[in-house]
Amino acid sequence: MRLYLIFVLCLFGLKSNAHEMTPTYPVLDSSYINGVVVAKMKLFNRRDDVEYYQVEVFTEDWKPVKFATTTRLLKVGYNKNKLFNVYIRFVDVKRTKYICTTSKIFKGGNQETLVSSMICSKIK
Amino acid sequence: MTIKKITAVVLLLSATSAMATDSPINGTVQPKCSVYTETQGVFGNPLPNKLDTLPASGGTKASIRYDIAQANFYLARITHPNSFSSSPTLNDSVAWTGSSVVGQVSVAAMSAYEAAKVISPSNVTTFNMTLAGSTWFTVSSTALYGYNKALPAGSYTAIIKADCIAK
Chain A
1 MRLYLIFVLC
11 LFGLKSNAHE
21 MTPTYPVLDS
31 SYINGVVVAK
41 MKLFNRRDDV
51 EYYQVEVFTE
61 DWKPVKFATT
71 TRLLKVGYNK
81 NKLFNVYIRF
91 VDVKRTKYIC
101 TTSKIFKGGN
111 QETLVSSMIC
121 SKIK
Chain B
1 MTIKKITAVV
11 LLLSATSAMA
21 TDSPINGTVQ
31 PKCSVYTETQ
41 GVFGNPLPNK
51 LDTLPASGGT
61 KASIRYDIAQ
71 ANFYLARITH
81 PNSFSSSPTL
91 NDSVAWTGSS
101 VVGQVSVAAM
111 SAYEAAKVIS
121 PSNVTTFNMT
131 LAGSTWFTVS
141 STALYGYNKA
151 LPAGSYTAII
161 KADCIAK
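Just so you know, the sequences run in chain order A and B.
Under my numbering, think of the first position of the first sequence as 1, with each following residue one higher.
Under my numbering, think of the first position of the second sequence as 1, with each following residue one higher.
Heads up, some of the hints might be wrong.
[What the hints assert, rightly or not] Selected chain B positions facing chain A (in silico; Cβ < 10 angstroms):
no. : residue
1   : Asp-22
2   : Gly-27
3   : Asp-67
4   : Asn-148
[What the hints assert, rightly or not] The following label-pair restraints were derived from C-beta to C-beta distances:
no. : chain 1 : residue 1 : chain 2 : residue 2 : range
5   : A       : Ser-30    : B       : Asp-22    : 53 to 59 angstroms
6   : A       : Lys-66    : B       : Ser-106   : 36 to 42 angstroms
7   : A       : Ile-33    : B       : Ser-86    : 37 to 43 angstroms
8   : A       : Lys-42    : B       : Leu-47    : 45 to 51 angstroms
9   : B       : Ala-116   : A       : Ile-33    : 40 to 46 angstroms
10  : A       : Lys-63    : B       : Ala-116   : 37 to 43 angstroms
Because the hints were derived from the structure by calculation, they are not lab data.
As the structure is a computational prediction, the values presented were derived from the model and not from experiment.
Cβ coordinates follow ideal geometry from the N, Cα and C atoms, glycine included.
Kindly generate the complete structure, drawing on both the sequences and the hints.
As structure tokens, this is what we get:
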């Protein structure tokens, strides 16, 4: 039984398709631009089927918030980390609630259901 | 004699310089959510007008694993499909059904997620991840085309959304 469990764990270890983003609760710091704050985020791509992640910022009721970042579509290689900054106007800080990354999957396939993952950090 | 003394001094000096130094490995444990796509679902085609992920219909249910590093920081929100992301041209409506249920769990108490899940709207299921550990969710989906109309030949793809939202 123990060997079987180790075998199953090894299988999971070999086929790890995960999407991670930290921190859970980002801190908004002042940036080098007046009237703009910045959140420093880290994305980890362990999905071998995904190469691109879209960055989005939302209010509490999931309405989009204007923001700036180096690129809204992050290219992150398999098993790679990506650090990125999200710049939000000071006037939007009060209504900003979530910073999210969503995996972008390629159109196509053959009678499949594909999984698109989204992870959202919350600004408290 | 002098060379011997110098050699001894050099050896002593080199011995004192070979001190042990600490080489720390640093790490931080923080609340974190990881979404794993364990199994991509596959539609079976048991009837001409039906696509279904049920194994009895020749399909495969999708399996998504959520790893929660610390308890009570995240909500898992799974949306099963209500449209195709790619398909041949369809001239009639498609009726969608599906479900997201708790499968395997790493902590027995996680089984309670199933009873506490919230379904709203009909294709979105939210689970409150109150415990740390791994939870596998099984997602099924069925598409019925028109009224006994055969689905056109071609490839069909639908997307399941697996969200992990900080509370």
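So which of those numbered hints doesn't the model satisfy?
1, 2, 4, 5 and 10
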